[in-house]
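Chains as they are written, first to last, in the working numbering: chain F, 1 to 319; chain R, 1 to 331; chain L, 1 to 556.
Please keep in mind that the hints were generated in silico from the structure rather than gathered at the bench.
From the structure, some residues in chain L lie toward chain R, with a derived Cβ separation under 7 Å:
hint, residue
1, Gln266
2, Asn289
3, Asn337
4, Glu412
5, Phe413
6, Leu429
7, Ala431
Backbone N, C-alpha and C define an ideal beta-carbon position, used for all residues, glycine too.
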Amino acid sequence: MIKYIGRRLAIAIVTLLTILTLLFVLLEFMPGSPFNDEKLSDSQKEILYEKYGLDQPLPVRYKTFMINVITKGDFGVSYAIEKNAEVSKIIDKRLPLSIRFGLQALILGSVVGVILASIAALNRNTIWDTMTTAFSVLGISIPSYVFALGLSYFLGYKLTKATGVSYFPMTFDLYKPFKSSILPTIALSMFVIATVARFMRTELVEVLGSDYVLLAEAKGLNSKKIIFRHAMRNALIPVVTVLGPLTVSLMTGSLVIERVFGIPGIGDLLVTAISVNDFNIIIAVSFYYSIFYILMQLFIDILYGIIDPRIRVSKGGQS
Amino acid sequence: MSQVDKFERILSTEDFQKDVVYEGVSFWKDVYLRFIENRGAVIGMILIAIITFMAFFGPMMNEHSYKSKVDNHINLPPRIPVIEKLGIFDGERSGKNVYVEKGLDDVYYWFGTDNLGRDLWTRTWVGTRVSIYIAMLAVVIDMFIGMGYGLISGYVGGNVDNVMQRFIEILSGIPNLVIVTLFVIVLNPGILSISLALVITGWIGMSRVVRSQVLKLKELDFILASKTMGASTGMLLMQDLLPNIFGQVIIMSMFSVPNAIFYESFLAFIGLGLQPPLASLGVLINDGYKSILVYPHIILPPVIVLALLMLSFNLLADGLRDSFDPKMKQH
Amino acid sequence: MKKLISLLLILVLAVGMFSGCAKKEDDTTMETTNANGATEATTPTADKTLRIAVDVDLPSVDQNIATDGLSFEVIAAMIEGLYSMDEAGSLIPAIAKDYTVSDDGLTYTFNLRDAQWTNGTPVTANDFVYSWRRLVDPTTASEYSFIAEVAGIVNAAAVTAGEKPLTDLGVVAKDDKTLVVTLDRTVPYFLSLTAFAPFFPLNEAFVTEKGTDYAQSPEGLIANGPYKMAEWNKGYGFKLVKNETYYDAAAVEIGAIDYRVIKDPQTSALQFDSNELDVVKLTAELVDNYKDNSAYTQIDASYVWYASLNNDDPIFSNLNARKAFQHAINKENIVANILNDGSSVANFIVPTGLATGPDGKDFRETSKNDYGLFDVAAAQKYWDTAKTELGITETNIEILFDDSETVKKMAEFIQAELEANLPGLTVSLKAQPKKNRLEIMREGDFQVGLTRWGPDYADPLTYLELFLIGGSSNTPNFTNEKYDELVKASSTTLAADAAGRWEAMKEAEDILLDQFAGIAPLYQAGYSYLINPKVTGIEPHAIGTPFIYKNVKIAD
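Take the sequences, apply the hints, and build the full model.
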């Protein structure tokens, strides 16, 4: 197992370097320049390029860039969003917040999702099944910003107006980090709930129809025990498969939730960076995303082995 | 009549000859039978049919086009003849009939109008048309590329799997947003470039689910049995693996429907959407969102149509899943 | 629809309960939102706090790096220059006590008052010399370095280009309290520029000591103005508190200004409604809800939006085609229906309220105001001629725009207007992010581009200089010798002749908009704000610093 993980880690590093190169090249193709303002004259633009070393030939810039990133974790400075601030510092401040919200939403979403799925699977083709389906479908078919603003409007604004007490602050507040994170967490978890509930139900229905569950039933185990002791474990694989990438995108921030609730996360940072061509931020955020993503993949592959002993991870390439 | 008639020849009826325990219906008939039994799925199917019908013929039901504007008719709430007498859809906003106030006594907009004075009924259905197109494209791509990739990667395994997974890892290690935006900026926003952009990353989720299913299934006994019986790889994939993963594939593809629709609307959000005045449901929702607190009627039609569309796609998917799954053969 | 909402609400509540149970741990201080709207102090030390929502992160508080309104507004709250502006926009002395100007109008001598930085050092003439040199220093690469040249400071252009040393810049500290500036020509608006952030002083010792950390955090900042920065949570907000060492600290009534970054305009409007914010900018879409609210305030801006018609394009190289475009759009409707936020129709390029002439009247009051009036019949006549001249019966044009503010809606409106009013014309729209849009326009790879210009100084030249031959912002590539001659004369040969240059500029505008119809002006922007009626003394300015908060008062 350790040997396997070590090999995977080595591959991961190669993958990351490839991604880094690819990102660098991709952004070369990005039309437009970070320095473009109604006011900026061409000669001043040249001076700016010189200042940031963007006038150097591509190979030189690539070399400097890679060396800085690998040795110092230095992605350069921001060109537009927070001018001249070090990109790594900008991200260091925002990332923990995004991760926190992501994890909160993941936990809430998975718990609710699993409960909903169990209700649906145990009461297949009844009104409960339809209702949980409808609920989880609504979760993904109502655009998240509409949903987020709805939450903010009804629970944050209307409820406060009606009762005079602010149970759910409408926006994120640095000084009340937990109370004010309730609404964003709910909003963010809707997609998780939907995904978990749908996949889990499908799997549970399948597993519940399988022989060993029938046997368990025949042995007289009650449904709760069947679900938790036998079915759940087997139903987890596809759920974990979709949850992995979902977790990564959750933890790297959600543009919409961050905008509606005023959270300084990295989702909004990335989108703003794209629209103002703040290249260094785009590369840095993408790179953090890649790291998360690859670690998550590794984690999931290992998890497969734990959940389902039939998949023997260490076999790697023999099958 | 001869004496033969006195006895009934029961063995001649087809029903009797068949194995009553395991009916000899064909696979597809079987699927069909189980499908129509599923009420939710049928409702979903009907809803999709209705919405598709409206998407095609809705815009022709009044004299407005999706881009014609009337400057005096901006932000009108919904007003429908006859029904208005019931006190709903009567063109009222905060107690005042906006139509009468503006002197538009016999003007009717069934869903109201937007900030430019365009008919929301027509725009909603035209938008539905675009969204369905994008959704269909996403599903088709998911099915073909994603499933093919996942099947091969999972089944062949070994170094092929390794290489294929590394490729996916690199592709999905870069945030979709970056790739898609870049692509759209380079190609100029439009329905074609958006569709192409969705192709680039759309299939990855599907291929992953398929691969994990294949990994799970190929260790199972029945595959081994097939192999032992000399089934070719193609046969194995088509006949043994595919039917078993179809459930997950369909569910997954139904998930790529809203993903595709929202990705498209997200592009609109950052200013790279469809070329206006053409609109999709996503674009309409985006536009309506900006004035949701002031004129909620603008956002409601596309949100409701989208939600219904999603709901019916999912109900349909559930039904299909149950019908396709060989393990569900228990009725 | 109500059912749907209530169903949603129930579901949401159910989930809410669940998560609410999970985290009940803070709330040692139960905050209350007062129903009758009394403002409660947020921190015990500050007696009164002004709470402002902004929709962008603060890009920079380094006055030589900043380029946007918010940055300038925050810098101006912390640092004062030679002069400042009062509520009406007239200059008032700030760090300068007074000034004398030589007879030829080329040498200004400023006498400075006793003021000090927050680190205790006095504000001296050398602080200005350092700051102005830093502005034009190529290693600073300030995007606003051109402003020194606009101000006419001797050698500004040469120093910016790196051709002359910094010490050659025409600014000298005669002693600690005397600053001498030499200009290379008379510049009528020179004094008003000294109230603009790039010309504010900087403490050399402090800036060099902080190095790259300068202006990156509250610790990396010092102030000589009414406020200083106390907190800066990037992306979240920042807080300015009263600067007790400010020379006029007695005039500053409030204790703090609390800025919060909220990018969704609807959220900030709701926050305003629940009395958690005092100043909120409204988007056009939200205006209808607040038009009758006592907090609703319209603020004039000097941004002029115009359609840049590419004069090199096969179609728009035709004068009549450009004229047809000018007259075919109902601008009243853009302003009244789409923007709805206090913007006004622009039948001109030099905006209203920008500059006052030698006769004491606004430039617009004494010049023509009817360029490109909406007139379908005239537009069609021009269009018919254009079609004959071009030998076409139908054609398609593309309008380039960026999806900021309400531009997309405006583009759709213009598209519909053109298609309806000019027979045979179809219009497609192309959206690009703003910076790309600007780049495409600079490269001349467009037909029609919707763009805007904001003034840098209170003179019509800030607009008219745009369309000089070869100018980097002359996107339509408008080329007219006479125009160039007139505009250049008004800053050189006519610079001392106030009335003469005024006439020259009027004539130039006429050439640009009427005779050659180089561009099609659309509207002059206005902004809608919600400002708590208890708050008074926020001073908006169309040029330079968007808001000055020094005299803000909050009633109890």
